[in-house]
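Undergrad: Protein chains in written order, with UniProt numbering: chain Y, 1 to 674; chain P, 1 to 674.
The hints are simulated quantities; they were obtained by calculation from the structure and are not laboratory data. Fair warning: there could be bad hints in the mix.
Because identical chains share one entry, a pair is satisfied inside a single copy or across any pair of copies.
[What the hints assert, rightly or not] With a straight-line cut-off of 30 Å between C-alpha atoms, the simulated DSS-like cross-links for lysine-lysine are: (1) Lys114 with Lys307; (2) Lys224 with Lys181; (3) Lys316 with Lys621; (4) Lys565 with Lys637; (5) Lys114 with Lys299; (6) Lys446 with Lys145; (7) Lys316 with Lys565; (8) Lys316 with Lys354; (9) Lys621 with Lys324; (10) Lys637 with Lys224; (11) Lys641 with Lys446; (12) Lys324 with Lys25; (13) Lys145 with Lys276.
Number of protein chains: 2
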Amino acid sequence: MIGRFLSIVAAGFIAAPAFAQTPAKVSSPDGTLTVTVEVNGEGRPEYQVQRSGRTIIDRSRLGFIFTNAPKMERNFEIADVQVRAADTTWEQPWGERRFVRDNHREMRVRLTEKTALKRSLDVVFRVFDDGVGFRYEFPDQAALKDVRIGEELTEFAVAGPATAWWIPALQWNREEYLYGKTAITEVGLAQTPMTIRTDDGLHIAFHEAALTDYAGMNLLNEGKGRFRAMLTQASEGPKVQRAAPFATPWRTMQISDTAGGLVTNDLILNLNEPNKLGDVSWVEPFKYVGVWWEMHLDKSSWGAGPKHGATTQNVKRYIDFAAKHGFRGVLVEGWNEGWNDDWFANGEDFSFTKPYPDFDIEALAAYAKQKGVRLIGHHETAGNIAVYEPQMGAAFDLYERLGIDAVKTGYVADAGGIQVRRPDGGIGFEWHEGQIMSRHSLDVVKEAAKRKIAINAHEPFKDTGLRRTYPNWVSREGARGMEFNAWGQPPNPPEHEANLVFTRMLAGPMDFTPGILSLEGRGQPIQSTMAKQLALYVVLYSPIHMAADLPEHYEANLKPFQFIKDVPTDWSETRVLNGEIGDYVTIARKDRKSEDWYLGAVTDENGRALSTPLSFLAPGKRYRAQIYRDGEGADYKSNPKSIAIEERIVTSADTLTLNLAAGGGQAIRFVALR
Amino acid sequence: MIGRFLSIVAAGFIAAPAFAQTPAKVSSPDGTLTVTVEVNGEGRPEYQVQRSGRTIIDRSRLGFIFTNAPKMERNFEIADVQVRAADTTWEQPWGERRFVRDNHREMRVRLTEKTALKRSLDVVFRVFDDGVGFRYEFPDQAALKDVRIGEELTEFAVAGPATAWWIPALQWNREEYLYGKTAITEVGLAQTPMTIRTDDGLHIAFHEAALTDYAGMNLLNEGKGRFRAMLTQASEGPKVQRAAPFATPWRTMQISDTAGGLVTNDLILNLNEPNKLGDVSWVEPFKYVGVWWEMHLDKSSWGAGPKHGATTQNVKRYIDFAAKHGFRGVLVEGWNEGWNDDWFANGEDFSFTKPYPDFDIEALAAYAKQKGVRLIGHHETAGNIAVYEPQMGAAFDLYERLGIDAVKTGYVADAGGIQVRRPDGGIGFEWHEGQIMSRHSLDVVKEAAKRKIAINAHEPFKDTGLRRTYPNWVSREGARGMEFNAWGQPPNPPEHEANLVFTRMLAGPMDFTPGILSLEGRGQPIQSTMAKQLALYVVLYSPIHMAADLPEHYEANLKPFQFIKDVPTDWSETRVLNGEIGDYVTIARKDRKSEDWYLGAVTDENGRALSTPLSFLAPGKRYRAQIYRDGEGADYKSNPKSIAIEERIVTSADTLTLNLAAGGGQAIRFVALR
């Protein structure tokens with residue numbers, strides 16, 4: 001081994017050497033956060049983040065390994081630094097709040113190699129008072145045109161001990177794991193968002209924004225709280241291949257003293273580009289019912305046969321129910337040819353235009369229309385995009401013709417399970433979060449947008465805020481949803497949703513499909529009280545929400561069902577009133593179309609009394625609070641159905657004590673009175 | 001998400017479901033270890049390991065993801081099970097012991113898919129009393145001929161809490177990290193060998209054997225002590241591409257109650273194939289000196305110029321010194337054209353046949369021969385095998401002609417730093433432990449063998465025991481060697497060698513280059529006493545050892561130098577008398593050519609008195625013990641050069657107390673008396 005390698009050699013376990021060049025610095029608008037970029041004695045670029053003078057992200061490396069060129073990791077100098085300020089406010093067509101403020105300082109650092117190649121790489125930081133985002137920009141230059149990335153060497157060195165809430169990035173599955181809570185030193189390879197809380201109480205969520213035509217980033221534990229980007233692999237090429245000039249996704253850190261501060265943090269949206277679709281008034285938030293839960297109860301099947309769920313007759317029943325109770329959408333799964341016995345292993349037989357004979361799609365679309373309801377389309381691909389992509393155009397054309405303006409897509413496939421068509425015509429198997437899927441996912445959304453169709457992706461490519469740029473990308477799954485309560489081993493525990501709010505939900509809306517008022521899964525109980533099922537419509541943000549239970553179960557519970565009928569899915573304001581990761585959370589949201597507010601609170605396996613000031617309500621205004629709370633002796637194990645529904649008049653001066661049962665919750669509608 | 005996925009879905013955090021088929025079982029010859037292979041309700045194959053009835057490796061998955069075919073992970077049934085016994089003893093041409101016993105039970109389990117493809121995969125376990133090895137064998141079958149592996153899904157689930165000694169598998173560097181000691185739950189992505197000690201005192205070393213034409217295996221922490229294979233990536237292809245039929249490397253677990261038991265464990269060698277080179281009497285263990293340490297002291301340079309080290313005059317000095325003191329070899333680095341200023345960044349200028357003008361290779365080879373000494377060749381590639389491979393044949397021809405029968409190769413390049421020639425003629429950048437390097441490394445050894453040349457690889461591809469099959473592969477680096485004491489920040493700490501013995505050294509011989517009696521690095525002291533420098537020749541096994549210090553430093557320390565002159569590098573027996581990972585170790589080895597024994601003991605930063613029975617000596621025989629011990633007040637910090645050299649007569653009935661200073665050691669030669 002040779003001397004000049006020494007600091008790389010030992011990097012796994014030693015501190016960085018002394019620095020050679022004057023650091024580039026930028027602080028957030030109010031000075032809370034400061035980012036410093038330096039190159040060390042070997043010309044290795046590193047950044048760090050201070051908060052109120054304290055280092056929270058220690059010296060962390062920047063760089064790339066290429067598969068067709070020497071890596072860019074050291075021998076750099078800072079050739080140029082540009083800082084600019086921006087403070088704008090923009091409006092969401094739909095969302096958890098109407099107006100979003102984007103107030104940041106941007107620092108662009110040009111790194112240029114001192115070696116013969118003299119290549120340049122820009123790293124651009126945007127520093128907000130409550131978070132930091134940065135990305136790499138590859139300029140147009142002769143020495144690096146065909147950029148083939150073997151690995152991104154970005155580090156995130158957490159300063160000091162912390163606890164992490166995370167799911168692993170393994171090969172067994174996509175995102176559908178229970179969230180683990182460990183010391184950050186016990187994280188292996190984590191998916192993002194990964195949320196941590198330092199021992200002194202600071203919350204940081206690591207994720208990315210505007211991930212397009214690039215591989216998803218996972219976080220590898222390098223030891224001692226230091227994480228490194230590990231991009232999702234491509235099975236037979238570089239992890240990422242792009243033509244310069246281009247920019248990587250933003251690497252993001254949402255930073256807050258409180259857990260709730262992460263939820264109301266707009267960093268991810270602000271780092272995405274504005275709406276590229278023009279007039280998107282055709283994208284309507286809505287609620288829906290559908291032929292879905294009955295399959296998870298094993299009462300009916302996706303595939304043809306005696307138990308087939310998507311029959312004309314059965315779907316009519318759902319349409320009638322939707323019309324009667326004011327739901328816009330009716331989802332129908334298992335409507336199309338191809339659900340063979342091992343469909344999930346290959347998806348090769350799927351037709352996306354050919355309905356099963358017992359499903360009269362034309363008649364049902366017409367019937368729905370006449371009832372003021374719309375069918376919701378379904379494209380389950382089993383991850384076989386080689387079969388799906390050639391049919392996509394025709395499939396969306398069919399839906400457009402039938403007035404079906406929302407489609408649920410599905411990619412039930414693990415790592416190595418995404419079937420693609422290779423350039424040579426052969427079949428390939430790719431990873432779920434690789435560059436190929438980032439392209440495919442956006443292609444689907446663009447194809448749909450051409451026909452004014454909204455997309456709700458399940459087993460999706462990870463959400464990085466692209467809904468701002470493509471507002472027809474209304475929702476996704478991307479975590480363990482309600483179906484795991486039907487048959488999951490273990491089922492989602494009571495803490496699950498209190499984990500989701502501070503992890504998965506930071507990425508964007510989730511189509512969790514709540515509202516199982518029967519509280520019964522497939523031979524196992526739902527780990528929730530009835531009031532909690534109502535609260536989820538407020539706690540878990542999505543512009544589309546399903547009333548997932550069977551119609552007969554709602555008919556049998558009309559009083560609590562009223563809240564599901566009332567609750568909107570589009571908001572002008574959102575406030576997190578209290579909350580701790582994995583324990584509990586209370587969120588209040590204001591209806592986008594009225595002066596009404598809605599509140600949802602959920603807890604884990606522990607009952608709680610949450611003293612909750614109503615100061616979010618308009619001062620002086622009187623509201624009729626329609627309260628759906630855990631009833632006498634309610635408990636998710638022994639007495640989940642005990643619910644109390646009551647009304648009282650309140651003002652912003654009042655404080656409510658929300659009594660949540662173990663595994664319970666509470667939902668309140670605040671009707672603004674004249 | 002769909003129900004049938006549930007157990008994969010939740011696998012990250014739940015126990016495996018009930019099993020469906022009767023398990024296949026095999027026990028080691030004396031019954032200590034038992035391996036069980038089962039397929040669960042989903043047809044997922046899993047194995048576990050019991051030791052004396054206690055589970056030590058919990059249910060762990062087996063399988064593969066392919067880039068050109070559906071993965072093989074579940075839907076299997078056990079189609080056939082064959083068990084056979086073997087008990088043989090074979091002789092090493094050279095080694096740490098002459099005779100090696102291979103006593104195991106083998107279980108071959110044929111797994112066949114129940115799905116349409118009906119593909120088969122064999123998993124073959126060899127169970128020894130002190131370890132387990134298993135590998136996959138891909139049979140010749142129509143449905144899987146071109147095997148392109150995206151990932152190997154092999155798991156190692158450690159049952160119960162344990163401590164791990166490991167180095168990270170990052171992109172910064174190859175193997176040259178300091179060993180970390182953490183809870184196994186704090187391992188991120190580890191290189192192998194990774195050694196663990198369970199809280200109840202069992203030692204397990206995870207590694208692999210017979211790694212040829214495959215990617216190196218790293219271990220990813222999945223959480224809760226569960227590790228999964230993560231193969232080193234190929235930059236623009238599948239991680240591994242092979243034509244069936246073929247077998248993977250063996251995945252190995254060396255298992256022992258004592259740390260020392262790992263060192264005397266022959267599992268890795270036994271799982272490699274016998275010598276394929278025929279008569280290898282031409283492979284001679286030896287000791288050598290050379291033009292090397294002076295570069296690390298910055299007294300001379302590799303490249304041409306005023307400080308050039310490899311001058312005819314300077315090398316003559318080393319030849320004379322070697323002849324005078326009985327060293328067979330003289331290594332000369334920096335002898336060839338191409339050591340330009342940033343050679344380590346590309347290696348593009350290297351010639352492997354063109355000496356610098358001031359290095360008369362012909363005259364020196366002749367001069368050496370006449371003095372009864374041989375030059376040792378040097379091929380530093382900087383990882384640029386695109387430049388090296390075309391020159392390799394001619395380079396070895398040159399050495400053969402000059403009677404140079406040992407070559408030190410070098411691959412100073414990190415991940416993404418191995419430059420290869422793509423099939424299309426372009427340049428590519430590959431990982432250090434990928435399939436391409438496994439091929440290259442063996443190609444070099446075979447090319448050398450054709451000319452009766454031995455290979456000592458630095459910055460090598462990991463050692464997996466191939467020295468058994470190719471005995472001219474005499475040694476490697478593959479860890480932080482002595483040069484880190486010259487300039488390392490930090491330098492190797494006193495515990496370093498006590499870590500190496502129980503981790504890196506389990507893979508095979510290491511060319512550590514000890515013997516720095518001056519105890520001086522480049523402006524920093526060696527973290528060692530003088531006695532410890534001597535002990536390393538016994539403690540660290542290698543058939544070739546360097547006396548790495550400058551000739552003048554040896555001339556100034558002739559008394560301690562005597563041990564370095566005496567100590568052999570080939571042994572008939574090896575005993576570990578005591579030791580704990582990272583703390584201390586005492587090893588006794590018997591000279592292959594005489595009745596003499598040699599003992600080496602080293603400690604970490606703590607001084608120790610090790611009571612050491614000499615029962616390894618031949619009963620009744622008298623030996624003159626030539627003892628080189630830490631002297632009065634010796635201490636690696638304050639008084640490293642204090643050494644006491646004394647003689648006494650001992651027998652196997654005696655017990656010596658080895659008094660080791662802080663950072664110290666002891667070396668003893670036991671001369672068998674008539």
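Undergrad: Each hint needs a verdict: does it hold in this structure or not?
TA: Against the structure, the hints come out as follows:
1. Lys114 with Lys307: between (69 Å within a copy, 25 Å between copies)
2. Lys224 with Lys181: both (17 Å within a copy, 12 Å between copies)
3. Lys316 with Lys621: neither (43 Å within a copy, 99 Å between copies)
4. Lys565 with Lys637: For Lys565 and Lys637, only the intra-copy Cα distance (26 Å) is at most 30 Å; the inter-copy one is 77 Å.
5. Lys114 with Lys299: between (68 Å within a copy, 27 Å between copies)
6. Lys446 with Lys145: within (27 Å within a copy, 39 Å between copies)
7. Lys316 with Lys565: within (20 Å within a copy, 94 Å between copies)
8. Lys316 with Lys354: within (19 Å within a copy, 85 Å between copies)
9. Lys621 with Lys324: Neither: 33 Å inside a copy, 103 Å across copies.
10. Lys637 with Lys224: Answer is between: at 28 Å across copies they meet the 30 Å cutoff, but 40 Å inside does not.
11. Lys641 with Lys446: So Lys641 and Lys446 fail the 30 Å test inside a copy (43 Å) and across (75 Å) alike.
12. Lys324 with Lys25: neither (60 Å within a copy, 62 Å between copies)
13. Lys145 with Lys276: within (27 Å within a copy, 47 Å between copies)
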